[in-house]
Amino acid sequence: MVTAVSAAEIDTPLCPPPVLERVIRHRLAAGETLERIAQRYNLLPATLLGLNPNLRQGRLPIGTDILVPPFNGIRVQVAPGQTWQEVAATYSVRADVLFEANGCQAQVPETIFIPGINWFPELSATNLGPASGRDRILSGYPLPSQADVVANYGWQPDPEREKLVFNNGITLAAAPQTPVLAVGNGVVAFVGQQVGYGNLVVINHSQGLQTRYAHLDTFLVSVGEQIQPGSEIATIAAAGAANETSYLYFEVRLNSQSGWVAQDPSRYLSLVNLR
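Under our numbering, the first residue of the sequence shown carries the number 111, and numbering increases by one thereafter.
Because the hints were derived from the structure by calculation, they are not lab data. Don't take every hint at face value.
[As the list claims (entries may be wrong)] What follows is a set of in silico ranges between Cβ atoms, one per label pair, in the way DEER data are often shown: (1) G318 <-> A199: 21 to 27 angstroms; (2) E131 <-> G173: 36 to 42 angstroms; (3) Q304 <-> R146: 44 to 50 angstroms; (4) Q192 <-> T355: 34 to 40 angstroms; (5) N353 <-> A189: 28 to 34 angstroms; (6) E145 <-> Q266: 24 to 30 angstroms; (7) A189 <-> R150: 34 to 40 angstroms; (8) E335 <-> Q266: 31 to 37 angstroms; (9) Q266 <-> C125: 16 to 22 angstroms; (10) G302 <-> D258: 23 to 29 angstroms.
Yeah, the Cβ is synthetic: ideal placement off N, Cα and C, and Gly gets one too.
Construct the entire structure; sequences and hints are all you get.
Printed below as a string of structure tokens:
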């Protein structure tokens, strides 16, 4: 049986316009704050700071237009001749997501939008990789042995909602009661339940780094405790259903002007299975 296709369906583009062509302008009004504007558009304040350098001094001049993208990310200049695969590798994002976000152009434009990368003051293409120095602060692995990655950092397909969703960390398969290990020296900043995380341990490290460990069962540390790499901090909780895989949810965050902003763990932990 052949299904008829309408002219409208034939004319529908297979790829949306580039994100940078979908940026809108917001005129600053009296009493507005960066946080309120970001919340209005469902964005991080860091996204607005990255796209609008005039906001980085903390002043919001009334009547000024600022650029607002449709979702979080950064605008970057790309070296001539680079391929989508090369750019994707530089920023640790999926090439297909990067390609689609920029209008499915065969050649990489001079200026592109990288979805899901969070702007912070010292961000540049040269310090996005694991050679930035911060990776040495986090030298361990959050489980006793390398585990399968259930979900990577960044844009991931969500079959239930039939759309791409952004994952702020990585999800590692782990049996219930598996010990969870600290990945670097630090101080325990939080132990307890948190919406969206369940049982959570947060550790603050030097150079403004923070790691978060979630979907836990038993806590083995307390707030204020000094932690060494490999220290056991908790155990893994069982999955909610018998046929589900239990897991550890792990995040790396960086302290910036916009608070603790999620980062790609593979930039800080030089581990093959995080890629």
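Okay, the hints, checked on the actual structure:
1. Here the CB-CB span from G318 to A199 is close to 25 angstroms, well matched to the stated 21 to 27 angstroms.
2. At roughly 25 angstroms, the beta-carbon separation of E131 and G173 lies outside the given 36 to 42 angstroms, and the hint is violated.
3. Roughly 24 angstroms separates the CB atoms of Q304 and R146, a value that falls outside the hinted 44 to 50 angstroms.
4. The given range of 34 to 40 angstroms is respected by Q192 and T355, whose C-beta atoms sit roughly 37 angstroms from each other.
5. The hint said 28 to 34 angstroms for the Cβ distance between N353 and A189, and at roughly 48 angstroms that hint is violated.
6. For the pair E145 and Q266, the supplied restraint of 24 to 30 angstroms holds, since their beta-carbon distance comes to about 27 angstroms.
7. At roughly 35 angstroms, the beta carbons of A189 and R150 sit within the given window of 34 to 40 angstroms.
8. With their beta carbons about 33 angstroms apart, E335 and Q266 fall inside the hinted range of 31 to 37 angstroms.
9. For the hinted restraint 16 to 22 angstroms between Q266 and C125, the CB-CB distance of approximately 19 angstroms keeps it satisfied.
10. Checking the proposed 23 to 29 angstroms range against G302 and D258 shows it holds: the Cβ atoms sit about 28 angstroms from each other.
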